[in-house]
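*Asks:* Sequence:
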Amino acid sequence: MLKKRWKISNNIDEKAALALADSLNISVILAKLLLRRGVSNFFEAKKFFRPELDMLYNPYLMDGMEVAAKRVIDAITKREKVCVFGDYDVDGTCSAAIVYLYLKELGADIEFYIPNRLTDGYGISKESIDHLKENKVNLMISVDCGITAVEEIDYAKLLGIDSIVCDHHQPKEKIPNAIAVLDPIKPGCNYPFKFLSGAGVAFKLTRAIADRIGQKDIPLKYLDLVALAGAADIVSLTDENRVFVKKGLEAINKNPRPGIQALISVAGLTPGEINSGQVVFTLAPRINAVGRMGDAQRAVELFITEDQEEANRLARILEEENAERRKIDEMTFSHAVKLVEENVNFNSELGIILHNENWHSGVIGIVASRLVEKYYRPTIMLTTIDGIAKGSARSISGFNIYEALNSCKDLLIQFGGHEAAAGVAIELDKLEEFKIRFNEILKKTLSGDDVLPEIKIDSKIHLSEISPKFLRILEQFAPFGPGNMRPVFVAEQVQISNIPKLVGNGHLVFSVKQNGNDKVFDTIGFGLGTYYDMLVEKNIKDQIIPTKNLLDIVFTIEKIQKNGLSYPQLRLKDLKLSE
Numbered sequence: 001m002l003k004k005r006w007k008i009s010n011n012i013d014e015k016a017a018l019a020l021a022d023s024l025n026i027s028v029i030l031a032k033l034l035l036r037r038g039v040s041n042f043f044e045a046k047k048f049f050r051p052e053l054d055m056l057y058n059p060y061l062m063d064g065m066e067v068a069a070k071r072v073i074d075a076i077t078k079r080e081k082v083c084v085f086g087d088y089d090v091d092g093t094c095s096a097a098i099v100y101l102y103l104k105e106l107g108a109d110i111e112f113y114i115p116n117r118l119t120d121g122y123g124i125s126k127e128s129i130d131h132l133k134e135n136k137v138n139l140m141i142s143v144d145c146g147i148t149a150v151e152e153i154d155y156a157k158l159l160g161i162d163s164i165v166c167d168h169h170q171p172k173e174k175i176p177n178a179i180a181v182l183d184p185i186k187p188g189c190n191y192p193f194k195f196l197s198g199a200g201v202a203f204k205l206t207r208a209i210a211d212r213i214g215q216k217d218i219p220l221k222y223l224d225l226v227a228l229a230g231a232a233d234i235v236s237l238t239d240e241n242r243v244f245v246k247k248g249l250e251a252i253n254k255n256p257r258p259g260i261q262a263l264i265s266v267a268g269l270t271p272g273e274i275n276s277g278q279v280v281f282t283l284a285p286r287i288n289a290v291g292r293m294g295d296a297q298r299a300v301e302l303f304i305t306e307d308q309e310e311a312n313r314l315a316r317i318l319e320e321e322n323a324e325r326r327k328i329d330e331m332t333f334s335h336a337v338k339l340v341e342e343n344v345n346f347n348s349e350l351g352i353i354l355h356n357e358n359w360h361s362g363v364i365g366i367v368a369s370r371l372v373e374k375y376y377r378p379t380i381m382l383t384t385i386d387g388i389a390k391g392s393a394r395s396i397s398g399f400n401i402y403e404a405l406n407s408c409k410d411l412l413i414q415f416g417g418h419e420a421a422a423g424v425a426i427e428l429d430k431l432e433e434f435k436i437r438f439n440e441i442l443k444k445t446l447s448g449d450d451v452l453p454e455i456k457i458d459s460k461i462h463l464s465e466i467s468p469k470f471l472r473i474l475e476q477f478a479p480f481g482p483g484n485m486r487p488v489f490v491a492e493q494v495q496i497s498n499i500p501k502l503v504g505n506g507h508l509v510f511s512v513k514q515n516g517n518d519k520v521f522d523t524i525g526f527g528l529g530t531y532y533d534m535l536v537e538k539n540i541k542d543q544i545i546p547t548k549n550l551l552d553i554v555f556t557i558e559k560i561q562k563n564g565l566s567y568p569q570l571r572l573k574d575l576k577l578s579e
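Positions 1 to 579 (this note's numbering) are the ones given, in order, by the sequence shown.
Check the hints yourself; a few may be wrong.
As the list claims (entries may be wrong) - List time: in silico BS3-like cross-link candidates among lysine-lysine, alpha-carbon distance up to 30 Å:
(1) K562 with K519
(2) K221 with K104
(3) K126 with K157
(4) K157 with K172
(5) K460 with K246
(6) K548 with K559
(7) K194 with K7
(8) K456 with K194
(9) K221 with K47
(10) K469 with K15
(11) K409 with K390
(12) K7 with K444
(13) K443 with K390
(14) K443 with K460
(15) K174 with K430
(16) K157 with K409
(17) K157 with K78
(18) K573 with K246
(19) K3 with K443
(20) K174 with K126
(21) K174 with K390
(22) K338 with K430
(23) K374 with K456
(24) K456 with K519
(25) K501 with K538
(26) K194 with K47
(27) K374 with K559
(28) K216 with K47
(29) K246 with K559
Derived by calculation from the structure, the hints in this document are not laboratory data.
Build the full structure now, drawing on both the sequences and the hints.
*Replies:* Shown next as structure tokens:
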């Protein structure tokens with residue numbers, strides 16, 4: 001197991017924390033958590049704990065929005081054919097469903113198109129434009145893609161197809177010559193919040209159209225899809241995204257649309273108790289699976305159907321595709337680990353770049369993420385498609401992989417993404433030169449400590465401080481995600497109070513208490529089974545007993561159900577013997 005660095009945040013003013021704790025009648029630890037999230041007074045705390053729809057920004061603050069809304073309304077009025085063109089992941093399929101459902105409700109002549117990952121590749125292509133032309137499409141609205149499709153949108157224009165781009169990815173030097181380009185991070189756009197998901201931008205377009213026709217609240221019924229996309233796409237859950245995900249999850253838990261209800265059912269989740277973590281780790285993989293294994297149009301069909309039986313049928317397909325994806329994922333991961341162990345010298349190479357022509361293009365992004373988790377190195381996984389090496393790049397904290405690829409752009413056919421993840425295509429005969437260049441960039445950018453995973457700890461805590469009131473307030477910090485991660489605590493010199501067990505695939509389970517306090521907490525450490533021998537010893541009768549050594553444990557606090565009641569569980573991130 002990789003050694004981890006523990007870093008405790010100590011940058012909070014004690015006086016400010018005491019004052020905030022007093023004004024809100026909460027513990028100092030909770031006050032420090034709020035200050036770290038930019039919450040410094042009662043009014044900001046109210047906005048944080050009670051995000052409301054009136055906190056959403058006017059969609060017309062986004063550059064190009066007025067032109068886009070007018071063009072869509074003109075298309076509906078003139079009975080022009082509109083096509084929503086989406087990406088094949090959760091964000092792309094949710095985005096497509098939002099625009100499709102809303103414009104359908106307005107009476108638009110509308111269809112949707114999601115490229116096939118295996119045959120079409122990522123984003124807009126000239127072949128897909130030809131398909132739209134054959135279907136007599138007049139207006140294409142790209143969602144969660146399109147910001148780098150400069151030539152393709154010019155080609156569409158040449159064929160008489162207007163384009164509106166709704167995207168949230170990093171633009172390149174040239175912006176597409178579309179009717180309107182909606183992207184909060186494009187140069188010259190003064191939209192106040194820069195971290196929308198693709199579905200967030202799509203929702204903004206529907207809200208702008210609705211506002212223009214005097215029915216601005218109709219798109220609110222699609223916040224469930226915005227929430228799914230926002231949580232799954234790992235965007236910053238701050239500002240508008242916090243409102244989207246909080247309100248969208250409320251809708252999912254209160255009255256889920258048929259497709260989401262069916263998905264919750266096949267995934268074995270409890271209706272009414274869905275949180276952002278369950279979206280990321282349980283629902284999103286099932287939605288992504290149909291895109292990874294082939295046709296993501298089925299995910300859009302799942303979201304737009306009003307027939308529960310049809311939704312159940314589609315959800316079962318997603319479940320089957322996900323099971324198949326996991327098998328391929330496991331085989332690919334095992335093969336990739338073997339290649340790393342045999343061929344990568346971490347003394348001279350700071351990154352991992354692997355290529356195999358037989359790898360399934362639908363799973364290499366997941367496997368790249370798993371390699372980052374195992375080795376904590378920037379990782380690029382490539383397969384061969386039509387004679388070209390194509391694949392996915394995943395990064396580590398503090399290393400901008402998009403900028404690194406940009407520095408190698410003369411060697412690449414194409415690339416796109418953001419600082420943490422990107423897609424890339426390269427000629428096979430340039431692979432070796434690319435590996436050398438990429439590793440040179442890594443050596444200039446990263447030090448030895450940078451490739452040791454760091455656990456950022458929000459606060460020290462005594463287990464006795466974890467009271468029912470503390471837990472009740474901590475739950476209100478949700479939804480958790482980037483920009484508002486589940487708080488991480490360290491408790492020092494805790495004592496194991498039962499015999500530790502190994503469960504499942506190397507997971508550790510035991511209970512702890514602290515300083516003779518009677519309060520006992522259950523813990524679970526996923527993947528921490530290698531610590532088992534450190535936690536047990538044998539007595540004079542050769543029986544296994546818990547070690548008498550004290551531990552320091554790093555953990556988050558989560559709620560579990562046991563015998564119909566809720567209990568806090570400490571989810572361990574790391575542990576060590578106390579000094």
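*Asks:* If a hint holds in the structure, say so; if it does not, say that too.
*Replies:* Hints and how they fare:
1. Between the alpha carbons of K562 and K519 the distance comes to roughly 17 Å, so the proposed pair stays at or under 30 Å and holds.
2. In summary, the hint linking K221 to K104 is supported, as the alpha carbons are separated by about 14 Å, within the 30 Å threshold.
3. For the given pair, K126 sits about 11 Å from K157 by alpha-carbon distance, which is consistent with the 30 Å threshold.
4. This hinted pair checks out: K157 and K172 have alpha carbons roughly 20 Å apart, not beyond 30 Å.
5. Among the hinted pairs, K460 with K246 is consistent with the structure: their alpha-carbon atoms are about 28 Å apart, no more than 30 Å.
6. Restraint check: the Cα-Cα separation between K548 and K559 comes to about 28 Å, which is no more than 30 Å; the hinted pair holds.
7. Note on K194 and K7: the hinted pairing holds, with a Cα-Cα distance of about 28 Å set against a maximum of 30 Å.
8. Distance hint between K456 and K194 is fulfilled; the C-alpha atoms sit about 24 Å from each other, no more than 30 Å.
9. Restraint check for K221 and K47: the C-alpha separation of about 22 Å stays at or below 30 Å, so the hint holds.
10. For a cut-off of 30 Å, the pair hint linking K469 to K15 stands: about 23 Å separates their Cα positions.
11. Using a Cα cut-off of 30 Å, the hinted pair K409 and K390 holds, with the two alpha carbons roughly 14 Å apart.
12. For the suggested pair K7 and K444, the alpha carbons sit about 24 Å apart, so the restraint of at most 30 Å is met.
13. Between the alpha carbons of K443 and K390 the distance comes to roughly 24 Å, so the proposed pair stays at or under 30 Å and holds.
14. Our distance criterion of 30 Å between C-alpha atoms is broken by K443 and K460, whose separation comes to about 35 Å.
15. Among the hinted pairs, K174 with K430 is consistent with the structure: their alpha-carbon atoms are about 25 Å apart, no more than 30 Å.
16. A hinted pair counts as satisfied when its Cα atoms are at most 30 Å apart, and K157 with K409 qualifies at roughly 27 Å.
17. At most 30 Å may separate the alpha-carbon atoms for a hinted pair to count; K157 and K78 meet this at roughly 19 Å.
18. For the hint linking K573 to K246, the alpha-carbon distance of about 26 Å falls within 30 Å, and the restraint holds.
19. Of the pairs offered as hints, the one joining K3 and K443 holds, with about 21 Å between alpha carbons and a cut-off of 30 Å not exceeded.
20. Among the hinted pairs, K174 with K126 is consistent with the structure: their alpha-carbon atoms are about 18 Å apart, no more than 30 Å.
21. This hinted pair checks out: K174 and K390 have alpha carbons roughly 23 Å apart, not beyond 30 Å.
22. A threshold of 30 Å between alpha carbons decides the hint, and for K338 with K430 the separation of about 24 Å falls inside it, so the pair holds.
23. Among the hinted pairs, K374 with K456 is consistent with the structure: their alpha-carbon atoms are about 18 Å apart, no more than 30 Å.
24. Taken as a hint, the K456 and K519 pair is honoured in the structure, with Cα atoms around 26 Å apart against an allowance of 30 Å.
25. Taking the CA atoms of K501 and K538, the gap is near 15 Å; set against the 30 Å cutoff, the hint holds.
26. For the hint pairing K194 with K47, the CA-to-CA distance comes to about 19 Å; that is within 30 Å, so the pair holds.
27. Of the supplied pair hints, the one linking K374 and K559 holds, its CA atoms being roughly 27 Å apart against a limit of 30 Å.
28. Distance hint between K216 and K47 is fulfilled; the C-alpha atoms sit about 22 Å from each other, no more than 30 Å.
29. Between K246 and K559, the direct Cα distance comes to roughly 18 Å. Compliance with the 30 Å bound is thereby established for this hinted pair.
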